[in-house]
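Q: Can you build the whole structure from these sequences, using the hints too?
There are 2 protein chains.
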Amino acid sequence: MINPSVLQKLSRIVGKENYLDSQEDKITYSYDGTPLISQLPEAVIIPHSKEEIAQIVTLANEVAFAIVPRGSGSGLSGGSVPVENSIVLLMSHWNKILEIDTENLTALVEPGVITADVHSAVEKLGLFYPPDPGSMNICTIGGNVAENAGGLRGLKYGVTKHYVMGLEVVLPNGEIIFSGGKSVKDVAGYNLKDFFVGSEGTLGIFTKILLKLIPKPETSKTMLAYFQSRKEAAEAVSAIVAAHIVPATIEFLDQTTIKCVEEYAHLGLPTSIESLLLIEVDGRPSVVEEDAAKIVVLCKRHNCIEIKIAQNAVEAIRLKTARRAAFSALARVKPTTILEDVTVPRTELAPMLERIDSIAGKYNLLFGTFGHAGDGNLHPTCLTDERDTNEIHRAESAFEEIFNESIKMGGTITGEHGTGLAKKKFLPAVAGIPAIAMMQSIKSSIDPNAILNPGKVFSIKPKCEGSLPRNREQIKKFEELGAWT
Amino acid sequence: MINPSVLQKLSRIVGKENYLDSQEDKITYSYDGTPLISQLPEAVIIPHSKEEIAQIVTLANEVAFAIVPRGSGSGLSGGSVPVENSIVLLMSHWNKILEIDTENLTALVEPGVITADVHSAVEKLGLFYPPDPGSMNICTIGGNVAENAGGLRGLKYGVTKHYVMGLEVVLPNGEIIFSGGKSVKDVAGYNLKDFFVGSEGTLGIFTKILLKLIPKPETSKTMLAYFQSRKEAAEAVSAIVAAHIVPATIEFLDQTTIKCVEEYAHLGLPTSIESLLLIEVDGRPSVVEEDAAKIVVLCKRHNCIEIKIAQNAVEAIRLKTARRAAFSALARVKPTTILEDVTVPRTELAPMLERIDSIAGKYNLLFGTFGHAGDGNLHPTCLTDERDTNEIHRAESAFEEIFNESIKMGGTITGEHGTGLAKKKFLPAVAGIPAIAMMQSIKSSIDPNAILNPGKVFSIKPKCEGSLPRNREQIKKFEELGAWT
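These protein sequences, in sequence, are chains R and H. For the first sequence, our numbering begins at 1 and goes up steadily by one. For the second sequence, our numbering begins at 1 and goes up steadily by one.
Because the hints were derived from the structure by calculation, they are not lab data. Quantities reported herein were computed from a predicted structural model and do not represent experimental measurements. It cannot be assumed that every hint is accurate.
The list treats identical chains as one, so a pair stands whether inside a single copy or across any two.
[Said to hold, decoys possible] In silico DSBU-like pairs for lysine-lysine, Cα to Cα no more than 30 Å straight-line:
no., residue 1, residue 2
1, LYS320, LYS212
2, LYS26, LYS334
3, LYS231, LYS216
4, LYS156, LYS216
5, LYS231, LYS362
6, LYS294, LYS9
7, LYS294, LYS320
8, LYS308, LYS208
9, LYS259, LYS294
10, LYS96, LYS408
11, LYS294, LYS216
12, LYS124, LYS320
13, LYS320, LYS156
14, LYS231, LYS156
15, LYS212, LYS9
16, LYS212, LYS96
17, LYS156, LYS212
18, LYS294, LYS156
19, LYS425, LYS408
20, LYS362, LYS9
21, LYS50, LYS408
22, LYS294, LYS26
23, LYS408, LYS208
24, LYS208, LYS156
25, LYS408, LYS212
26, LYS425, LYS50
27, LYS212, LYS231
A: Listed below in structure tokens is the structure:
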């Protein structure tokens, strides 16, 4: 428990009106988009300047409480769920777009800006900010940077880390730095800026974000391809990549997901097919026409039974709804939706889909799987009920097997959602103990009192050790101490 | 001095034939491509397995000597110059391309592979590895990763960091990790892999590198545009970017460089003009034609006096020679060539060129300036003689002013060469003391005995402090200790 006098100090730093500690407020901020995980914070603090944040950080070091930064709380790995002895630092009202530089192709934004608001602001000027996570209408840029969010356009355009050119950060010691800038190349010193991206709120609090923009693609073409067999859909994806076509988007839905989407959105999708692909090509008109035509040929060659091509923007939105609605549609089926995020090398897409299916069958669970097929990034989604402890237990076992399969295939446990609380126990299997020891050493060198989002990504290192363990024996000792999970 | 018994142990680890300590050998490896900096190593060690490297690292921790990893030694910031009490760890014979995966578009290589060898190997298969530093015919991929090397194709394709998907690294504690993999998206844990890129041999020794490949552009068009005025050339660059055209390459040469290149390579360049631009567009044939036509119009609009367009591959190579020969051509003029690497936001290109000229004039120095105009990355190059201590002193003052001007314009002191030894004293001005404190903390948490390339990028942190200084006072104390320069 944080001492009441400390809470009073916090209230004085931000002003009474920006200090929330009613039970309702605490409950509101006790969870994020991740199922099964919640914890009450001791208070919710709404800062209005970086100097206030620096004061809060300094106080946390002095009296030892934890700070959990939060944007919209739409994360799916528990990154913004409070921990014991913590306050929530609410950044969602830092929502100003400070500058769009049309000559250097950059946007300077506050961390609380909604991702879709960046899209619309820059697109009006003929520019483009590619990252488009599923939650883009509610999530914040700050959260996107903290988790290195992906989205539907990753295949061609990459993910959030490819678009962060600079960060203003309040460090755990209360210092404020700006790392990066408008120069497109910069190798002065260690690359701190990129290291903050994806650090899940554990290394600093972002107060300004400089985004890279690109010219808006001149045109695009959206297609929906139906496949009787899931394997053939996966093979079509491989064939498109092998033909050196780089669509902006290749998204996949399995039969369960198609059925749920159709029930939810009534788009006229055939519910008897095993899978569909949403494909979008964009760029210059001549190239888009050429690529679309080649993709139609390749899909047909892999026994696509029908391919719908949007004739205009309204139709394109309708086709994209089939994919955009997937999560919401699945979430309606049962009270609890556990959406996961395994990513495999593209060539392993078909085998991974097979394995997910057989694991779901083995544990007698209802799974819908969709995701970014072009990136090998799948969202196997378990539709369950958290009150059914036996089923939840089976789901946990199933996901553990799915993660292990992914790792065996050279894949990873999370492609775009982050490790957070939800997946930290699987991190050793994918990263290895020596790499986690390195992460922990870096964390404790920067944040020795573990005030920033402690326990996320990995557990805090035991105080007995100041730097990277030097040998197998020391690492073993750490393992025995349970320092890794 | 390293104790002879330690050197004997090193010789036993790698075998006598892989242990060099003659005076000739030591001199050979006492410098790299950076002028004015050299230091004899105590020995040169040629390891043949990662296990040998781990043994060497372990020994270094036990008895305190420094390890300086080295590829071809073509670096321009002193990154591979030995330090006191050091051995050179020579990786240039680790030159195997281990796998090219044409389905997942990756290449697994050893760190000593020459960059141009990667180009030719993957291009045979219709694939493309974009980073092409000026030294690509001699430099190694390991060095490219250590320095986050750029090149001529950065404008469209980015730099080395955008193409590193995985790294096998021997850590300073002797552990061996593989960070990253063939999954195109991966956010499991901190992004160690990208943090190693550009860490200049101070955080680990690379033993395998997994590179991202892309489809080879179908065609390209190379142009050489002559401008009477330098300002108009810079404005043409801005106009091209503002028109949302993204050429692979926009390179700039000033008059001094043009004259030197013409004298050296006899390409028929007009030596009366103030500047020329080498522009290359690549991609799909229809787009390349369109873009090339637009660029011609834009260059003419900015008073380009002539524009040569290569009609075939041989002509393209001839036009590119104008730029590729720049460094060698300048280096012939005087005994010592100090090539720098300032980078500014693209909009500041013309003002930066002005400032470089006036600073060169002020200090009565001969400068040739060329570089990656599309990236705002300029190489102001001082042609001098290191025996003329007065002139060298003036050159140092001139570069200091150039760096300060760059920083004032929102630029940086190095775009692609690294900080190394040559620029570490300017790092505080661009990164700030709190950020350097963070870098030092990370370094000492991972490499507490400072065995890996110590003194590069920044000075080693005084032993008195184990983690990030917590406040202004502690930072001040560090400053007084001279910990930053």
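Q: Treating 30 Å as the Cα threshold, decide for LYS231 and LYS362: within, between, both or neither.
A: This pair counts as within: shortest intra-copy Cα distance 20 Å, inter-copy 70 Å.
Q: At most 30 Å between C-alpha atoms: does LYS259 with LYS294 qualify within a copy, between copies, both, or neither?
A: within (29 Å within a copy, 49 Å between copies)
Q: Go through the copies and call it for LYS294 and LYS156: within, between, both or neither, with a Cα cutoff of 30 Å.
A: For LYS294 and LYS156, both the intra-copy (17 Å) and inter-copy (25 Å) Cα distances are at most 30 Å.
Q: Pop the pair LYS425 and LYS408 into one bin, within, between, both or neither, using alpha-carbon distances up to 30 Å.
A: Only inside one copy: LYS425 and LYS408 sit 17 Å apart there, 46 Å across copies, limit 30 Å.
Q: One pair to classify: LYS96 and LYS408, alpha carbons no more than 30 Å apart. Within, between, both, or neither?
A: Answer is between: at 25 Å across copies they meet the 30 Å cutoff, but 44 Å inside does not.
Q: Indicate which option fits the pair LYS320, LYS156 if close means a Cα-Cα distance not exceeding 30 Å: within, between, both or neither.
A: both (17 Å within a copy, 29 Å between copies)
Q: Please sort LYS362 with LYS9 into within, between, both or neither, judging by C-alpha distance up to 30 Å.
A: neither (54 Å within a copy, 56 Å between copies)
Q: Using 30 Å as the alpha carbon limit, work out where LYS208 and LYS156 are close: within a copy, between copies, both or neither.
A: The answer is both: 26 Å in one copy and 26 Å across copies each meet 30 Å.
Q: If the cut is 30 Å between Cα atoms, do LYS294 and LYS216 qualify within a copy, between copies, both or neither?
A: Both ways: LYS294 and LYS216 sit 23 Å apart in one copy and 17 Å across, limit 30 Å.
Q: At most 30 Å between CA atoms: does that hold for LYS294 and LYS9 within a copy, between copies, both, or neither?
A: neither (64 Å within a copy, 62 Å between copies)
Q: Under a CA distance limit of 30 Å, which applies to LYS231 and LYS216: within one copy, between copies, both, or neither?
A: between (34 Å within a copy, 28 Å between copies)
Q: Given identical chains, is LYS212 near LYS9, meaning Cα to Cα at most 30 Å, within a copy, between copies, both, or neither?
A: neither (38 Å within a copy, 51 Å between copies)
The structure shown violates the earlier hints numbered 6, 8, 15, 20 and 22.
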